[in-house]
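Q: Chains A and B are the protein sequences, given in the same order.
Just so we're aligned: 270 in the UniProt record's numbering is position 270 of the first sequence, and the numbers increase by one with no gaps anywhere.
Just so we're aligned: 213 in the UniProt record's numbering is position 213 of the second sequence, and the numbers increase by one with no gaps anywhere.
Hints may be right or wrong, so weigh each one.
Note that the list lumps identical chains together, so a pair holds whenever it fits in one copy or between two copies.
Stated by the list, open to error - Taking lysine-lysine and the DSBU-like style, the derived pairs with C-alpha atoms no more than 35 Å apart in a straight line are:
hint	residue 1	residue 2
1	K130	K214
2	K243	K154
3	K102	K45
4	K94	K203
5	K2	K45
6	K45	K280
7	K91	K102
8	K243	K47
9	K102	K54
10	K45	K250
11	K47	K236
12	K152	K260
13	K297	K175
14	K194	K94
15	K54	K94
Derived from the structure by calculation, the hints contain no laboratory data.
There are 2 protein chains.
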Amino acid sequence: MKLSILGCYSATPRTLNNTTSQVLEIGNHMFLIDCGEGTQVQLRKHKIKFNRIKHIFISHLHGDHFFGLVGLISTFRLLTRETDLHIHGPKGIKEIITLQMKLADSWTNYNLIFHELTSKKSELIFEDNKVEVFTIPLNHRIYTNGFLFKEKEKDRKLNISAVEDANINIAYYRKLVQGFDVVNEDGETIKNEKVTWPGLKPKSYAFCSDTMYKKDIVPIIENTDVLYHESTFLDKHADLAVKTKHSTAKEAAYIAKQAKVGKLLLGHYSTRYDGLNAFKEEALEVFDNVELCEDGKTFNFD
Amino acid sequence: MKLSILGCYSATPRTLNNTTSQVLEIGNHMFLIDCGEGTQVQLRKHKIKFNRIKHIFISHLHGDHFFGLVGLISTFRLLTRETDLHIHGPKGIKEIITLQMKLADSWTNYNLIFHELTSKKSELIFEDNKVEVFTIPLNHRIYTNGFLFKEKEKDRKLNISAVEDANINIAYYRKLVQGFDVVNEDGETIKNEKVTWPGLKPKSYAFCSDTMYKKDIVPIIENTDVLYHESTFLDKHADLAVKTKHSTAKEAAYIAKQAKVGKLLLGHYSTRYDGLNAFKEEALEVFDNVELCEDGKTFNFD
Numbered sequence: 001m002k003l004s005i006l007g008c009y010s011a012t013p014r015t016l017n018n019t020t021s022q023v024l025e026i027g028n029h030m031f032l033i034d035c036g037e038g039t040q041v042q043l044r045k046h047k048i049k050f051n052r053i054k055h056i057f058i059s060h061l062h063g064d065h066f067f068g069l070v071g072l073i074s075t076f077r078l079l080t081r082e083t084d085l086h087i088h089g090p091k092g093i094k095e096i097i098t099l100q101m102k103l104a105d106s107w108t109n110y111n112l113i114f115h116e117l118t119s120k121k122s123e124l125i126f127e128d129n130k131v132e133v134f135t136i137p138l139n140h141r142i143y144t145n146g147f148l149f150k151e152k153e154k155d156r157k158l159n160i161s162a163v164e165d166a167n168i169n170i171a172y173y174r175k176l177v178q179g180f181d182v183v184n185e186d187g188e189t190i191k192n193e194k195v196t197w198p199g200l201k202p203k204s205y206a207f208c209s210d211t212m213y214k215k216d217i218v219p220i221i222e223n224t225d226v227l228y229h230e231s232t233f234l235d236k237h238a239d240l241a242v243k244t245k246h247s248t249a250k251e252a253a254y255i256a257k258q259a260k261v262g263k264l265l266l267g268h269y270s271t272r273y274d275g276l277n278a279f280k281e282e283a284l285e286v287f288d289n290v291e292l293c294e295d296g297k298t299f300n301f302d
Numbered sequence: 001m002k003l004s005i006l007g008c009y010s011a012t013p014r015t016l017n018n019t020t021s022q023v024l025e026i027g028n029h030m031f032l033i034d035c036g037e038g039t040q041v042q043l044r045k046h047k048i049k050f051n052r053i054k055h056i057f058i059s060h061l062h063g064d065h066f067f068g069l070v071g072l073i074s075t076f077r078l079l080t081r082e083t084d085l086h087i088h089g090p091k092g093i094k095e096i097i098t099l100q101m102k103l104a105d106s107w108t109n110y111n112l113i114f115h116e117l118t119s120k121k122s123e124l125i126f127e128d129n130k131v132e133v134f135t136i137p138l139n140h141r142i143y144t145n146g147f148l149f150k151e152k153e154k155d156r157k158l159n160i161s162a163v164e165d166a167n168i169n170i171a172y173y174r175k176l177v178q179g180f181d182v183v184n185e186d187g188e189t190i191k192n193e194k195v196t197w198p199g200l201k202p203k204s205y206a207f208c209s210d211t212m213y214k215k216d217i218v219p220i221i222e223n224t225d226v227l228y229h230e231s232t233f234l235d236k237h238a239d240l241a242v243k244t245k246h247s248t249a250k251e252a253a254y255i256a257k258q259a260k261v262g263k264l265l266l267g268h269y270s271t272r273y274d275g276l277n278a279f280k281e282e283a284l285e286v287f288d289n290v291e292l293c294e295d296g297k298t299f300n301f302d
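Isolated chain A, as found in the complex (with noise of 0.2 Å):
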């Protein structure tokens, strides 16, 4: 599982910040997570194999988290694309894209699917064999959610000596890394942990932008690996955090903390302040573990 930031700052871009725009490598999948202007330039700049995504998704229809959108579908079409492409976003995304994509005169040779989001309750929106997508549902000015991404169950490994002497025939391996116990060559059942290791332990990776302190999220993402909140102010504009529907960097650690998560992300920064370390230090004396998001920062967390 690895994390490409390509844009952590709120409000509106500047020369050396961008808004919030991520890409997630999760279980064969490239997803991108919200997508301010000039995402597609931060996909170039960071050299990301962009037309290997299938999926985006939207937290919501605010400027900072989706302005980017129109003109990376727009310049899909001028590469030529031939893909699907799927856009998983508040409902209004698909009027606002339609509506730009027939002034211009301009269809897209690729299916763009739109899937709207209009639930308050956290539902899975995506699935395969390695992965499942749910909401989470968040507090901020207009309808907004969070993301949960989670790889499902991985196939337990081989302990190939072990099958080899228990003499199982080779057509049984895709059972056995299925986790069945299988029958071998001379008849005899095989217990399945006697001839293979556990799978490497499913990721899970959730992003929380915007929102106001949100106790309730806390059970949807308990134990997630890592969990991006956004950390809009300091503790000292908790009156600013209230009034805009924002978090603090401390608050952003009280959810860390309940939901025992491995590791916490601050991201979606106010430009008032110098710096960025007082959002990891506020941070900390909650929780443990903090890194801080910046533009152009990538995390393997493998």
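Use these hints to put chain B onto chain A, whose structure you have.
A: Below, chain B alone, put in the same frame as chain A:
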């Protein structure tokens, strides 16, 4: 008259290439012409005091000419702008912007005034005591206008020693710079040209992008000081120019020559070419005063 090129490439923004946007300073105005994705960052990067912009002119609704508009409007809101902002552009632009403001529940505190264009004939779309702006109907895949910016006749300059020798009361100086004859303290009529010098020559700038070769714009832009004409392709790709309704550098030069403009600026380059010199060389075969636009370049025409 000063022109700042924020972006001059076609199709999509890239790490080092920005799509169309220009700032024209003329007659105390700062006009923004087209607004590709990332324009607000280009404005910051080039330290342009963009709060001075009161009028934005959008040629057409292809993304590389206006995908940055909604973000700029949103940023003006966040910067607590109060001054009216006028948007001149094709019909449909109001619907695109207001739909996004509605879905984001983010209305501007300043007045956002749309002037939607539908005419296929050149028309006066802005006028004050210093400047006039006319549309230049172009021929592209969708409804497109160029824009002609013209300073009005400027005040004549007082020849102070001549004015004093002629014994003219100071109350008449305003009449003099406006070109009128006046009566002096001795009751004699003083001919204007005896006590004034001609004012500065009014400047003009024509912006023509995107368009295929369209000879009937020549009468509209005749004798313009500076003509920006798109040159997406070189002559060797003239077939592509016809197919996509763009121009070659040579065609841009033919327009400049027929319109007897002072200077031709080229831009809207396809990124298929290595370097820009071939565009200039091709145009110079037809017209002798050619310059290349480049992102971040500023032209002073005084």
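Q: One pair to classify: K102 and K45, alpha carbons no more than 35 Å apart. Within, between, both, or neither?
A: both (30 Å within a copy, 32 Å between copies)
Q: With identical chains treated as interchangeable, where does the CA-CA distance between K45 and K250 reach 35 Å or less: within a copy, between copies, both, or neither?
A: For K45 and K250, both the intra-copy (32 Å) and inter-copy (33 Å) Cα distances are at most 35 Å.
Q: If the cut is 35 Å between Cα atoms, do K243 and K154 qualify within a copy, between copies, both or neither?
A: neither (44 Å within a copy, 52 Å between copies)
Q: Cα distance capped at 35 Å. Does K102 pair with K54 within a copy, between copies, both, or neither?
A: For K102 and K54, the Cα distance is within 35 Å both inside one copy (22 Å) and across copies (28 Å).
Q: Classify it for me, K94 with K203: is the Cα-Cα distance of at most 35 Å met within a copy, between copies, both or neither?
A: Cα proximity of K94 and K203: one copy only (31 Å, versus 45 Å across).
Q: Is it within, between, both or neither when you check K54 against K94 at 35 Å Cα-Cα?
A: both (16 Å within a copy, 31 Å between copies)
Q: At 35 Å max between alpha carbons, let me know whether K130 reaches K214 within a copy, between copies, both or neither.
A: within (29 Å within a copy, 56 Å between copies)
Q: Under a CA distance limit of 35 Å, which applies to K45 and K280: within one copy, between copies, both, or neither?
A: both (27 Å within a copy, 29 Å between copies)
Q: How would you classify K2 and K45 at a CA-CA limit of 35 Å: within, between, both, or neither?
A: both (17 Å within a copy, 31 Å between copies)
Q: Which holds for K47 with K236 at a C-alpha limit of 35 Å: within a copy, between copies, both or neither?
A: between (38 Å within a copy, 31 Å between copies)
Q: Between K91 and K102, at a C-alpha cutoff of 35 Å, which is it: within one copy, between copies, both, or neither?
A: Answer is both: 18 Å inside a copy and 12 Å across each meet the 35 Å cutoff.
Q: One pair to classify: K152 and K260, alpha carbons no more than 35 Å apart. Within, between, both, or neither?
A: Result: close within a single copy only, 20 Å intra versus 70 Å inter.
Violated hints, listed in ascending order, are 2, 13 and 14; each of the other numbered hints is respected by the structure.
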